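Let chain A serve as the given structure and place chain B with the ligands on it in line with the hints.
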Amino acid sequence: MSEQVRIPYVAREKELKDLYLPMVAPEDRPQTALELLGEMLKYKRSLKLYLDVCTHCGACAEQCHSYLGTKDPYNMPVARVDLVRRVYKQVFASGPSFLRTWDGAKAIDQETIDLWYKYFHQCNQCRRCAIFCPKGIDTAEVTIAMRELLAHLGMPSRFHAGIAKNMAKTGNNMGNPLPAVLDGIEFLEEELKEETGLDIPIPVDKEGAEVLFNPSSSDLYVNTDGFMAVAKIFYKAGVSWTLSSKITETANFGLFFHEPSMREHSRLLVQAGKELGVKRLVAGECGHGWRTWRMFTETINGPLPFPVVHLFEEVLGYLRDGRIKFDKSMNPEVVTYHDPCNYARAGDLINQPRELLSACVQNFVEMTPTKELSFCCGGGSGILMDEAMKIREALAQPKAECVRSTGAEILCAPCAICKAQLPDVLEHHKVDVTVKGLSDLMGRALIL
Amino acid sequence: MSSLFGWVIPYIVVLLFLGGMLLRIMSWLKIPVPFKLTVFPCPKTRAGAAADLVTESVGFKSLWRGGKGLWFMSWLFHISLAFILIGHFFGIGFLGQQFTWIGATSEQSLELSVLFGTYAGVALSLGLLLLAIRRITSPTMKFISSFADYLVLVLLIGIVGSGMYMRMFHGVTYEAVHDYLIGLITFHPVPLPDNMAFIFHFTLVQLLLLYFPYSKLLHSCGIFFSRWLIVRPHERQVIIK
Ligand code: HEM
Ligand code: SF4
Ligand code: SF4
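So the protein lines, in turn, are chains A and B. With this note's numbering applied, the first sequence corresponds to residues 1 to 448, in that order. With this note's numbering applied, the second sequence corresponds to residues 1 to 241, in that order.
Heads up, a few of these hints could be off.
Straight-line Cα separation of at most 27 Å, DSS-like style, residue types lysine-lysine; simulated pairs [unchecked claim]:
id	chain 1	residue 1	chain 2	residue 2
1	B	Lys-61	B	Lys-142
2	B	Lys-142	B	Lys-216
3	B	Lys-61	B	Lys-44
4	B	Lys-142	A	Lys-118
5	A	Lys-274	B	Lys-36
6	A	Lys-42	B	Lys-36
7	A	Lys-279	B	Lys-36
8	B	Lys-61	A	Lys-371
9	A	Lys-371	A	Lys-430
10	A	Lys-71	B	Lys-68
11	B	Lys-142	A	Lys-71
12	B	Lys-216	A	Lys-42
13	B	Lys-30	A	Lys-42
14	A	Lys-14	A	Lys-246
15	A	Lys-106	B	Lys-216
16	B	Lys-142	A	Lys-106
17	B	Lys-68	A	Lys-371
These aren't lab readings, by the way, just hints derived from the structure by calculation. If you're wondering where the values come from, they're calculated on a predicted model, not measured in any experiment.
Looking at chain A on its own, in the form it has when it is part of the complex:
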């Protein structure tokens, strides 16, 4: 089977097996793709509506950082969707076929599928186009559907499939086995003791705790300051909390390309919370993890046995009640805030982080555009593959200019994906700024 190299790399047989995804021979793909698209059109109203109502007005083009950064015309949201629309018009749309030809109907072939793979991996599912499209067409929704379709064609990206497999096997995206996770946590407890002189616990599997905290696994290894800050905040607020050894991951990659993985991830966590008897689940710093919790879980996993809240909502509660206090002078630098797309547009977390920031940093400056109009970091929907570095840099270009013009020293980007993407790409664009989570900043300012 000779196939041209695709960026990002396509999953191999072993990753497909792990996710129970089929291998489809290249010559069978067009036919299978049509069957899958037909199925999707039957259960996603958004997809059919979007394919029907776009007027090709082009209002979305200049609003998509992917197009702005790559200058590739297929990255205009409308052109991206047109790659599907032409097949839809050919096969599924109603009306006489000569009318559909006028709309650009075109039969599906190998090349179409290659284009799908390429351009639906250059959409960050950021939803900015949905805000500017007068029809409210959310191209991210089409991207999610098409990635799902590609997965069932045996063509998820290797990176995404690998992460979903790690999650299924170990309960975290990094693929760290339980002993390593526990080791890491013990190490962090020692760090905390060294730093503060206090016995600040990081409880694991503590039954009857009030809060089950679900961090993104990268916070346990890479952004440890932020994670330790959370431990300090719970300690100071006097809240009994715990991690679950079964699952230390809030970043739900299933959202990007594979519904069954998404559902299983949420199910595991809800079950862990039930077994521990917690009162609520607090989600850590991760944009799409939050979107999944906030918007999807209830629908695909059924009613939740306990509330799911975001760390920021939880901490804001402590702050407003006076259970914790910050000393702003600990963060004297100029700080700006990057709204992770899945917090602001997709997750209703716009003012909460700002209220926290204004309580814990001295010099806060807004970026332009900001809040729900903010540009994506270019890593959204898990476009974090090493082999796609050139693309990632191009996707990040509009954001880099926004950050540069704030002149900030610290860029607060409280999302695991943003934190993985921004340092690399900002360096490439020569923007001199330190990327930190909001927890890090709160941790520095917290009066213990």
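Showing chain B with the ligands alone in chain A's frame:
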């Protein structure tokens, strides 16, 4: 021959149009919406969301957020289109006498009706021409345009142009059209006005109606369904504080 064009075909066209639209709308409604796609910040109530749809369709709020040029062209076109559709109803329906309700004399009312019609027609043509120029001259617009995108504009320009022409230079009166249309609506055949300009205008409109349910003009209904997906308020299962 003229009874075929004036009497049989219009009914078929209207039936195909209404039936087509109904089927298209039903085809959306029968598909479930598995996930909540609300984009934040969102209205807090369903009434708020409905109000959002109204302001969006009257003011084209989302387009305003982006480039103002497109907003202007598009808004000018749509708002004058709305005026013209309303104008057709009153002008033809009440023979231009609608302004007597607010105190004008019969002649004044007719003059006003014609005048407003002309202004709206000019605005509509201007909007359409600007949209067409934009589509033809911009390389990005060319990239995303297919034949149908140009065709719709040409068809609309043809309709507006022939409509203005027949009124201004061809002496088509409200009365003649009124009698014919009322005849159609009440199922009492009256011959087609014997006026080539009118027949041309009327035929183009029928072509547009036939094309409508299978073209992007579907957005005129679909926009309310697609926007509803992202503006409907999101009831959260759980809220603390
Ligand atoms: C009979 C009804 C309608 C007709 C014939 C019509 C016609 C059109 C046409 C031809 C375009 C494309 C213009 C272009 O080439 O760029 C368009 C675009 C658009 N329409 Fe309509 N429309 C109708 C109703 C509506 C309604 C009811 C709404 C909103 C509530 C609406 C909102 C829009 C918007 C936002 C665009 C995109 C901007 C643009 O390209 O102008 N339309 N319409
Ligand atoms: S979701 Fe974001 S990246 Fe994707 S098409 Fe829309 S604006 Fe572009
Ligand atoms: S803004 Fe919306 S309607 Fe206009 S081209 Fe883009 S997706 Fe289509």
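Of the hints stated earlier, which fail here? The structure breaks none of the hints.
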